[in-house]
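Engineer: The chain contents come next:
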Amino acid sequence: MSSAKQTVLEPPPPSQRKVSLYAVHEKAYPRFLNKGTFRRLKWLVMAVLLGIFWIMPWVRWNRGLGAPDQAILLDLPGRRAYFFAIEIWPQEVYYLTGLLIIAALSLFFISALLGRVWCGFTCFQTVWTDLYVWIEQKFEGDRNRRMQLDKAPWTSGKILRKAGKHACWIVISLLSGWGMVLYFDNAPSVTRDLLTGQASINVYGFMALFSVFPYLLAGFAREQVCIYMCPYSRFQSAMFDEHSLIVSYEGWRGEPRGKLGGAVQGREAAQIFEGRGHCVDCKLCVQVCPTGIDIRNGSQLACIGCALCVDACDSVMDRLGLPRGLISYDSSFNQMARSRGDTSVKTRLWRPRTFIYLGMICLVGAVMVYSLSTRKTFDANVLHERSPVYVELSGNRIRNGYTLKILNMVRQEGHFRLSLEGVAGATMSVIGIDGDGRSTIDLTTGADEVGTYRLFVTAPKGSVTTKKADLTMVLTNLDTGRIIRHQNMFAGPGQE
Amino acid sequence: MATNAEKDPVTGQYTTGHEWDGIKELNTPLPRWWMGVFYATIIWAIGYWVLYPSWPTLNGYWAGTLGWHSRSQVVQDIEQAKSAKAVYLAKIQEASLEDIVKDKDLLNFALAGGRSVFNENCAACHGVGGVGAYGFPSLADDQWLWGGTLDDVRTTITYGIRNSNPNSRQSEMPQWGGGDPLSDEELNNLAEYVLSLSKSSSDQAAAQKGLPIFAERCSPCHGEAGEGSQAVGAPALAAGIWLYKGKNQKAEIISQVKNPKGGVMPSWTDRGLDEATIKTLAVYVHSLGGGK
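Protein sequence lines correspond, in order, to chains A and B.
For the first sequence, full-length UniProt numbering begins at 1 and goes up steadily by one.
For the second sequence, full-length UniProt numbering begins at 1 and goes up steadily by one.
Keep in mind the hints are simulated off the structure, nothing from the lab.
Treat the hints loosely; a few may be bogus.
Taking beta-carbon pairs under 10 Å as the criterion, some of the chain B residues facing chain A (in silico) [to be verified]: (1) Gly67; (2) Val128; (3) Asp142; (4) Ser202; (5) Gln204; (6) Ala207; (7) Gln208; (8) Pro212; (9) Ile213; (10) Ser229; (11) Val232; (12) Ala234; (13) Ala236; (14) Ala239.
Cβ coordinates follow ideal geometry from the N, Cα and C atoms, glycine included.
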């Protein structure tokens, strides 16, 4: 290739130039500024969230003998989910749907109020990336030194710094993977098994999987996850309106921007900034941005609303003796008003949009609380047997077979009474329970178990004149008195 | 080697130098880590060629130094499954049928095992779930030709019916249309009487005339009230359940009297089922709904 004739194509004139869909990836080197309100808030949020993540699985909750005592546990092999006093069976996964709806609506609500605060402060991608960047700058220095180091040849010093960083990242990744695994198994015993090499290959596999993700996503992919992978960044701006408080550059005050000239010393700020904007184009806001954007270009897709540029700009404004808030949480409505010189406008938090979101959250929450508090403690599934659909017995009788499953969702033995409705003269027998031709049968199902019974229902031919008659199984919980009615069918030959 | 690589103004990258209808391609080499993985897989593959069956040779193939074979893997899996079953089968071999039904573990094993053996060997005639067919009795109803206790069912499966096994169940219905023939009218009256036993006759006068014929010729085996006899496999005629069931039941009865048919069932010990398997089969058949 070195011998190749290399010519440079002339780019077309600007009028004919099309907007390119191609973007070269430029690595972001966020500058680390360990001061400011929002930086402190981010540390606090990170400490709280990571604390919850690692401590929660160790919280115990007594559920009685033979039941797991972990407060939050997703027992996949046992097909149960435990959340403090709540125990969910697989068919009740709609509670998870409710939870996800509430989460989505909360995201809409908070976005309408405060922009992308979820992205900027609480999203796990942000929290872990923040931690990884902090480790990176501990080993490799701040922005400029990291840029130099990446360009520098591989010396032993560079190798040491890079190796130290990666070692630290891997330790945190492994801790993260370990933390995830704890939610799926008894935390103390699975930790002991992991440390002593006794855990199953599944546990190690999932821990490895959960460890690889923070390493790749927080270590390497970083802002590309927010810009290219995350769906929220694409639609959150639809939740904004002119009253949403979003991180924004007050262009009316900053422009026209320009570097400070030579003769600054000894002059009052008011004199220096006579006839020009307050932005001194120091680019600190760009340097601290974790996604590498310039907030002065206005609200944009890549902005995750972390407010680190607010801290950065405030520090510069302080030094210049100018009021803070050249970059701040502000609504476009307020900005418009201020640019007209009107400082009396107040932020409108309560708008139809926020009312509707909050109302929907309350509605879904109320439905969930209601359904949880009136949750069935038992349920029944009945399956009509198909081979044979019905059997003709002597004495002009027909028999149908069913598989009856009783789900006893409490931690005590359940007692149930089964009876039939809808087919005249129908009687029952259950395999393994003595007695034929009974009108009611009492069944016992063990604590937290699914009882499976083979049920035969026999009826005189005369009472079923169609090929399919409706049959209702009535199951009464003798402990609570609650009744479940299960519609099924009784098949016969029909009229002959 | 292309010689006219150009620098692309938009990306600042060089092109490969090829051009197809005005379309040029940026020269973006594969990442080094990707190439590394690629070469590593090639080296890995060489290890595979040596260790596992790989290349065809003139009169066979390279079997690999490990001696691995997918067939022997299957054989090994089957052996494992068999040895896992053997524990239960040994217990079932020892236990009586009544004990198997009482033991929850053995019962579950017998039902599951019996079902698969039934579907493989019996369902062809008796239908899935023992639903039965024309000439092949239902195993799910409450009527049995040769008895419906666990023991009866086991005996029937073991030796079969009307076959060459000396212990098989034997019986034959005489042909009443032959040596001492019944007239067409007598046949009609007899059939009406048989129908009347299950309260499905439409001609009471004819049925009354059929009574003496039945009492004389049929009741020794089928019983005076048509209750049948399990000792000789004579079906009950009063139950309303017909082995040879047709749209015109009277015609079916007349046909059976004139030219009797007798079903044949093979002996399943002769067909190669062992004692424990037949026990699981008996437990399964007994559970279909008609077990006594």
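Engineer: Compare the structure with each hint and give your call.
Structural biologist: These are the hints, each one checked on the structure:
Below 10 Å, beta-carbon pairs count as interface contacts, and Gly67 of chain B has none with chain A, the closest being about 26 Å; its hint is therefore violated. At its closest, the beta carbon of Val128 of chain B sits 4 Å from a beta carbon of chain A; the interface hint therefore holds under the 10 Å criterion. Taken as an interface hint, Asp142 of chain B checks out: its beta carbon lies about 5 Å from the nearest beta carbon of chain A, inside 10 Å. For the restraint placing Ser202 of chain B at the interface with chain A, the shortest Cβ-Cβ distance is roughly 13 Å, beyond the 10 Å limit, so the hint is violated.
Checking Gln204 of chain B against chain A by beta carbon gives a least distance of about 18 Å; that is not within 10 Å, so the hint is violated. Interface restraint check for Ala207 of chain B: the shortest CB-CB distance to chain A comes to about 18 Å, outside 10 Å, so the restraint is violated. The interface hint given for Gln208 of chain B is broken, as the beta carbon of that residue sits about 22 Å from the closest beta carbon of chain A, more than 10 Å. A hinted interface residue such as Pro212 of chain B counts as satisfied when its beta carbon comes closer than 10 Å to some beta carbon of chain A; here the least separation is about 25 Å, so the hint is violated.
Taken as an interface hint, Ile213 of chain B does not check out: its beta carbon lies about 24 Å from the nearest beta carbon of chain A, beyond 10 Å. Annotation: Ser229 of chain B was flagged as interfacial toward chain A, and the flag is violated, the nearest CB pair being 15 Å apart, outside 10 Å. With a cut of 10 Å, the hint placing Val232 of chain B at the interface with chain A is violated, because the nearest CB-to-CB distance is about 19 Å. Hint on Ala234 of chain B is violated. Least Cβ distance to chain A is approximately 15 Å, over the 10 Å limit.
The criterion of a C-beta within 10 Å of any C-beta in chain A is met by Ala236 of chain B, whose closest approach is roughly 7 Å, and the hint holds. Interface restraint check: Ala239 of chain B against chain A, minimum CB-CB distance 3 Å, threshold 10 Å, status holds.
The earlier numbered hints that this structure contradicts are 1, 4, 5, 6, 7, 8, 9, 10, 11 and 12.
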